[in-house]
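Dock chain B against chain A, hints included.
There are 2 protein chains.
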Amino acid sequence: MTTAYETLLEKVHELTDLEKATGVLSWDKETNMPPKGITARIDQMGTLQRLSHTLFTSDEMGERLENAAAELGDADYDSDEASLVRYLRRAYGDARKLTTDYVVRSNQISGQAREAWMKARANNEFATFQPWLEQVVVLCQELASMYGYDDEPYDALLDKFETGTKTAEVRAIFDAVKAELVPLRQAIEERGTAVSDDILHQSYDIDSQKAFARYAAEALGYDFERGHLGTVVHPFATSFSRDDARITTRWYPDFLSPSLFGTLHESGHAMYEQGTHPSLYRTPLARGTSLGIHESQSRMMENIVGRSRGFWQAHFPKLQATFPDQLGSVTAEQFYRAVNKTQPSYIRVEADELTYNFHIILRFDLEQAMLNGDLAVKDLPTAWNDKMQTLLGVVPPTDTLGCLQDPHWTRPGFGYFPTYALGNLYAAQFYETAVSQNPTIASQMAAGQTEALVAWLRQNIHQHGRKFTPRELIQRVTDSPLSHTAFMRYATAKFSDIYGL
Amino acid sequence: MTTAYETLLEKVHELTDLEKATGVLSWDKETNMPPKGITARIDQMGTLQRLSHTLFTSDEMGERLENAAAELGDADYDSDEASLVRYLRRAYGDARKLTTDYVVRSNQISGQAREAWMKARANNEFATFQPWLEQVVVLCQELASMYGYDDEPYDALLDKFETGTKTAEVRAIFDAVKAELVPLRQAIEERGTAVSDDILHQSYDIDSQKAFARYAAEALGYDFERGHLGTVVHPFATSFSRDDARITTRWYPDFLSPSLFGTLHESGHAMYEQGTHPSLYRTPLARGTSLGIHESQSRMMENIVGRSRGFWQAHFPKLQATFPDQLGSVTAEQFYRAVNKTQPSYIRVEADELTYNFHIILRFDLEQAMLNGDLAVKDLPTAWNDKMQTLLGVVPPTDTLGCLQDPHWTRPGFGYFPTYALGNLYAAQFYETAVSQNPTIASQMAAGQTEALVAWLRQNIHQHGRKFTPRELIQRVTDSPLSHTAFMRYATAKFSDIYGL
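In order, the protein sequence lines correspond to chains A and B.
Read in order, the letters of the first sequence are residues 3 to 503 in our numbering.
Read in order, the letters of the second sequence are residues 3 to 503 in our numbering.
Hints are computed from structural coordinates only; laboratory data are not their basis.
Keep in mind that a hint or two might mislead.
Because identical chains share one entry, a pair is satisfied inside a single copy or across any pair of copies.
[To be verified] Within a straight-line C-alpha distance of at most 30 Å, the following computed BS3-like cross-link-like pairs (lysine-lysine) qualify:
(1) LYS212 with LYS38
(2) LYS13 with LYS38
(3) LYS389 with LYS496
(4) LYS180 with LYS343
(5) LYS121 with LYS38
(6) LYS380 with LYS121
(7) LYS31 with LYS13
(8) LYS180 with LYS162
(9) LYS13 with LYS99
(10) LYS320 with LYS38
(11) LYS31 with LYS212
(12) LYS389 with LYS212
(13) LYS121 with LYS320
(14) LYS212 with LYS121
(15) LYS343 with LYS320
Just chain A, same shape as in the assembly:
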């Protein structure tokens, strides 16, 4: 006899397959599709998404879900079954709140807003984008109303990226980061230690970069038998199952860092997906639980591991052998310092491990102000530059290098940005706990090895996929809610050493 849960699972498998198929089409679009294939691809992806949305939001799906819930009764909270039903109830409720009219309108506005943004950025002309951003803000406001919230509108949006996390919590944490990071950055400036990254800006053959990036990703623990490295303009990671979790990189012929550390970053994302438990196969639980936790895994591999002294003492000889002309006379220590240079800059995606957080705090503040009506869109450029001055001490000479730099605001996706900085904080808190629970992790790391760390991540984080919300996960794993303290301890120790504070 088929149980109600099995009946639910049948639909879940179908929906997961549709979602993953859309993912393959999207990956192919970015990696292999010829330029003129775009029209048909948009139609194909639209059809899959429409089918998927119709199936998921049907009354029949709701019945299957409630029947399964009734059958499970008070099953163990941690079980796959209870976790899946819990997740689906939340997702089903959210999906049913979105009206078709809204989705259609939102896609239309976003498409046109993106065109306008590209033009505005190219011409350094904020006015071109302004009316579209105004519409996007209205879409965000509508979204917050549709989803509903208890305390403040931003909660409704943030919740979609970081389930259960409140704006007020994030604000308090970011305030604490700011209170400690500003003085740390000032101390570095005042100390005036020279750290040069000139060696990274040389001519680096791209095929050799690729070969080394593969080597480094494997050194972290990324499994190429269950992965693939593609070339794209805007790098990302994506997975079609735990056994097919891919990474992508953009290659620069005259700058080593972005491709190398980009690959390590995306490897961290993909390793999370590769580590989900096999029992979650073909369900929406077989994914990272939130953008913030996902970013913690990529940041851990990019920064805590990939920019550590141990990693480069172990692997720099290989890099040196790959690029003898460029790095033959450089020491591992010099390289380590070069890849950890900190300096205020205009562009978020090029920012270092410390200043990156200020770029996020700025966006978090401005999103709330626009959403709440405290900041008119027309005043955004001024507000942006004021905040840059306060937080980073530099003011971008143009809006292209300022408030027009990111594509995120072409969509009603307020609430996405803060997850980037939350990722840094989660990463440090997880890592501190990992080392305290298993000292081998630290000794391996000093030798550039990650087996023990990856095993710990798999056991404590990866295998669970989306079973727990980020708040639940950080509490379970570190016995404490998210805080800024671990990150500040990590950052202060590392940069005090490098800059001789």
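Okay, now just chain B, sitting in the frame of chain A:
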């Protein structure tokens, strides 16, 4: 007000998108998917195919189709609308005849038969494959019964690959080919002119091969703005729209021909899809009309163009510059002769332009004999070797080099093989007509140029997609049914010249 035809079209777009999405997943499986991604990929493709089959065979689809047919009345036979309804009625009727039980069983048997075949081929042990081939023959017999036929069972199967073409017609044409090709081959043997292809068997750098293959494909008229060249183990062409028609190639480091002519072959397939009329977008008509006509386009580009003297007189200098060490002292004429060497051999996919047809005639005969119960599967190896002796004058020393060489018989796909040889015949008949209608084609070809030929193909064949059956098309285009005579004129002239008959 929405017309019945528009209501039909809405469903057709959805179904086409699903089919193309499945195609993208399949292409990705062959080109980029990591080995362990296979389990999830099979599930994902299975879900898309099941959704598609369910939607297409629904009563609702039948109603939409008949409502549209009624609305159209006696619309112009050549119109997109009448052609689509005509095509869909045929496809709908066929799809409704297939029982779910049959599809499930057929997929199961085919999967296991493929495993057994791989083992049998590796171990040169026909007995391992025999029981599975027996089941595949039964599946073919069931299929013929389900589809139904007037004259003989093979008709029902052939019709699925070459709509409206009868076994008796093909038999008569193949007999005529045989009657003329055997003496031509004998004359070549007796004349004894030495043609060597040793120059093709040297070390050829793969990146340079790729660059030249791209150049050659573009020289034919393949549009890379609407295409992509991927690397695979078993080459094929596929399209996701006329603006995204891809080719694939396998690269050999020490043999120039397979990759180069394979690329030209697949380019011919893809150019057919690139040439379908834009008005057929998102319908099943935006594809080649049959396997045989499709093969005529690939064979035309591979052989009639790609193995012509004019093509190599024009493009050999470029190839020579790419490979100065290997081809520096070779003339264009020597190269032209080398790529046209004819010699009996065991393996179909390695056969030359003349002997290839014998390999197909052999399989066509044996398929009918097995289907009709005139040949027991256990006697296949003997029957195979006897026919090889008769047609080609050579007998494979092992079954691995004989009846176990192709994967086709792991599926109930009898009727597929003959389309390969039909492609050669269609190609020659089309080409003869093209040249007679536009003499510029011949003069351009003598200079290695294809613009006029491609324009003619586009106008007369490509743009129609699947609007006409192969019988209708050859009659419309050449004012005559398919015959062997154009091919024999072409082959006799070309090989008499090369071999000095």
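Taking 30 Å as the upper bound on the Cα-Cα distance, should LYS13 and LYS99 be classified as within, between, both, or neither? both (20 Å within a copy, 27 Å between copies)
Give the relationship of LYS389 and LYS496 under a CA distance limit of 30 Å: within one copy only, between copies only, both, or neither. within (26 Å within a copy, 78 Å between copies)
Classify it for me, LYS320 with LYS38: is the Cα-Cα distance of at most 30 Å met within a copy, between copies, both or neither? between (41 Å within a copy, 29 Å between copies)
Within, between, both or neither, where LYS212 and LYS38 count as close if Cα-Cα is 30 Å or less: both (27 Å within a copy, 22 Å between copies)
Checking an output row: LYS121 and LYS320, CA cutoff 30 Å. Within, between, both or neither? neither (43 Å within a copy, 42 Å between copies)
If the cutoff is 30 Å on CA atoms, where do LYS212 and LYS121 land: within, between, both or neither? Let me know, please. Neither. Shortest intra-copy (33 Å) and inter-copy (37 Å) distances fail the 30 Å Cα cut-off.
At 30 Å max between alpha carbons, let me know whether LYS343 reaches LYS320 within a copy, between copies, both or neither. Within one copy only: 22 Å inside, 49 Å across.
Give the relationship of LYS13 and LYS38 under a CA distance limit of 30 Å: within one copy only, between copies only, both, or neither. Between. Shortest inter-copy distance 24 Å satisfies the 30 Å Cα cut-off; intra-copy 35 Å does not.
How would you classify LYS31 and LYS212 at a CA-CA limit of 30 Å: within, between, both, or neither? both (21 Å within a copy, 22 Å between copies)
Can you tell me if LYS389 and LYS212 fall within 30 Å by alpha carbon in one copy, between copies, both or neither? For LYS389 and LYS212, the Cα distance exceeds 30 Å both inside one copy (38 Å) and across copies (52 Å).
If the cutoff is 30 Å on CA atoms, where do LYS180 and LYS343 land: within, between, both or neither? Let me know, please. within (20 Å within a copy, 77 Å between copies)
One pair to classify: LYS31 and LYS13, alpha carbons no more than 30 Å apart. Within, between, both, or neither? both (27 Å within a copy, 24 Å between copies)
The structure fails hints 12, 13, 14 (numbered hints given earlier, in ascending order).
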